[in-house]
Amino acid sequence: MNDPHGDAGAATCTASHEGAHDDFQLLRRIGQRDEDAMAAFYREHHGVVLAQVLLVTGERVLAEEIVQDTMLAVWRGAGTFRGESSVRSWVIAIARRQTRDRLRGRRLQVVDDAFLADQPGPGPGPEAMALDRAELAEVTRAIRELAAAHREVLGLVFGSGLTLPEVAGVLDIPVGTVKSRLTAARAALTRTLNEEGRNR
Amino acid sequence: MNADHAETRSPHLDLEDLIAEAAGRPAGDRARAHLARCGQCRAEAGRWNLVAAGVRGLAAAALETASPGAFSPGTVSPAPSPGAGQPAGPRSARHRVLAGSRPRTMLAAAAAVLVLLGGAGYWAAASLTGNPPGAVLTAVGGCTGLKLASGTLEPVHGRRLVIRTASGRPVTVATTASTRVSVAGALLRDITDGAPVIVLGPRSGSAIAAATVTLGPPPGGNGNGTLRLTPPPGWAAARGTVQDASAAGFTVLTPGGSRIPVSTTRDTNVFVPDARLGQLQAGVTTVALGHARPDGTLTAIGVLQQPAGSPFHAQFNAIRGCSPATVAGALAAALKSAG
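So the protein sequences, as listed, match chains Y and G.
Per our numbering, the first sequence starts with residue -19, numbered consecutively.
Per our numbering, the second sequence starts with residue 11, numbered consecutively.
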């Protein structure tokens, strides 16, 4: 994202990924067992992947382990990358599978489609008003309280900076379903904000 | 954009356009033009922007508390693993290769130090140190999402403030009903009859020559007389309400019914911990603490203003987390009186 004040802190994880060509080259070199390339790849993607995984898991140690496993998978599987997606969405897809595996071991689900399917869109009205009234800090807190599935789709779009088609690729669902999940996530967020507002 | 198909579909931007806008991706010319003229879409974009900013805040906080580490594939078997690009298979022994030091570089750029004058007052004002040249928003250690802007306040119009930094760059600061505004200075005109007040200064017979006057209930105090003041030798403190306010001073009516004369001068420093926006003065050094928004503005949690050369300083070196309660607590701590 653009940061007119050069504030790199928040921009780190939101910048649209412009080094696609470099990423392809890095992956090619990683496929040839180039450790320097792997280190560069790690530096380039570690932060975004970690933020996304942490958003879903909520556990830093676990998230770091998942990122390490993800990078290990990249090291082993770089040669299998076929260039059918952006490198970033590819590595995030790997991280998502790693996360799913870890959470499945705890009998947790990253995404529960049945849960998401019936969530209504916010549309105009009271739910939109909840966001209009909300402060950023309240929104941030409310996002923390969302279901993992909601945090995940929001993180992919706004944290990892993937396009909707890329998110669709990562989640292996149609773009239209990504949109409905986003809408459902926002609806859940506004409900949380409303509940918090009533509790204050 | 649906505006291209206005005959059959909604004339407004569709979700993909709004998401792209909130995600910071360049919008097409038609989308931008529509956004410029459609208040409904601007409002909807603003809502998505807020959601996006919330996600980014969480992500930034996550990155701050995590170490960048390093990946060293040298500890990994060089043999390619079939299907490694789809690493959903059984997990074998893992190679933990996180290496490198984990020090966090805490940008302690803004400073605001609370100096407790003789343990009695709770003068607080902001003094900035360590701003990198040209920086506009400064990070606050402990919460990446939290930023600080400092400089000279431009004339105030409405709820938006403009702080011009030392490098001459303007920062727009949005305030809300919950933004805490504190001001310090020679604000003698703000001492009016009926105002709750704490006075501290040298004794002058049965009167006090006010060095500091704090208006309003003390932060952290309960206002019912439990605040204990311990002035230094030769000084006196009084708490109560203002009566007979004039250019030369006023009388403090204490909870016990005593009347204590107070004299003021141009050197009397007045501190208003919970001030109104209208009490902020243009041209005075001002610090705003809050959350940066995608458009570069700052949504302020707190605004502190002090005159140049004020002896009072407070410090926000670091905050232990990004939760609203934590931030509010840190802000309150900077203003809290010595009890």
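Don't read these hints as lab results, they were simulated from the structure.
Keep in mind that the hints are not guaranteed to be accurate.
[Unchecked claim] Under 8 angstroms between C-beta atoms, here's a sample of chain G residues computed to sit facing chain Y:
| id | residue |
| --- | --- |
| 1 | H22 |
| 2 | A32 |
| 3 | A33 |
| 4 | D284 |
| 5 | G293 |
| 6 | T309 |
Using N, Cα and C, we set each Cβ at its ideal position, and we do this for glycine too.
Quick rundown of the hints versus the structure:
no.: 1; hint: H22; verdict: 10 angstroms, violated
no.: 2; hint: A32; verdict: 7 angstroms, holds
no.: 3; hint: A33; verdict: 6 angstroms, holds
no.: 4; hint: D284; verdict: 18 angstroms, violated
no.: 5; hint: G293; verdict: 22 angstroms, violated
no.: 6; hint: T309; verdict: 6 angstroms, holds
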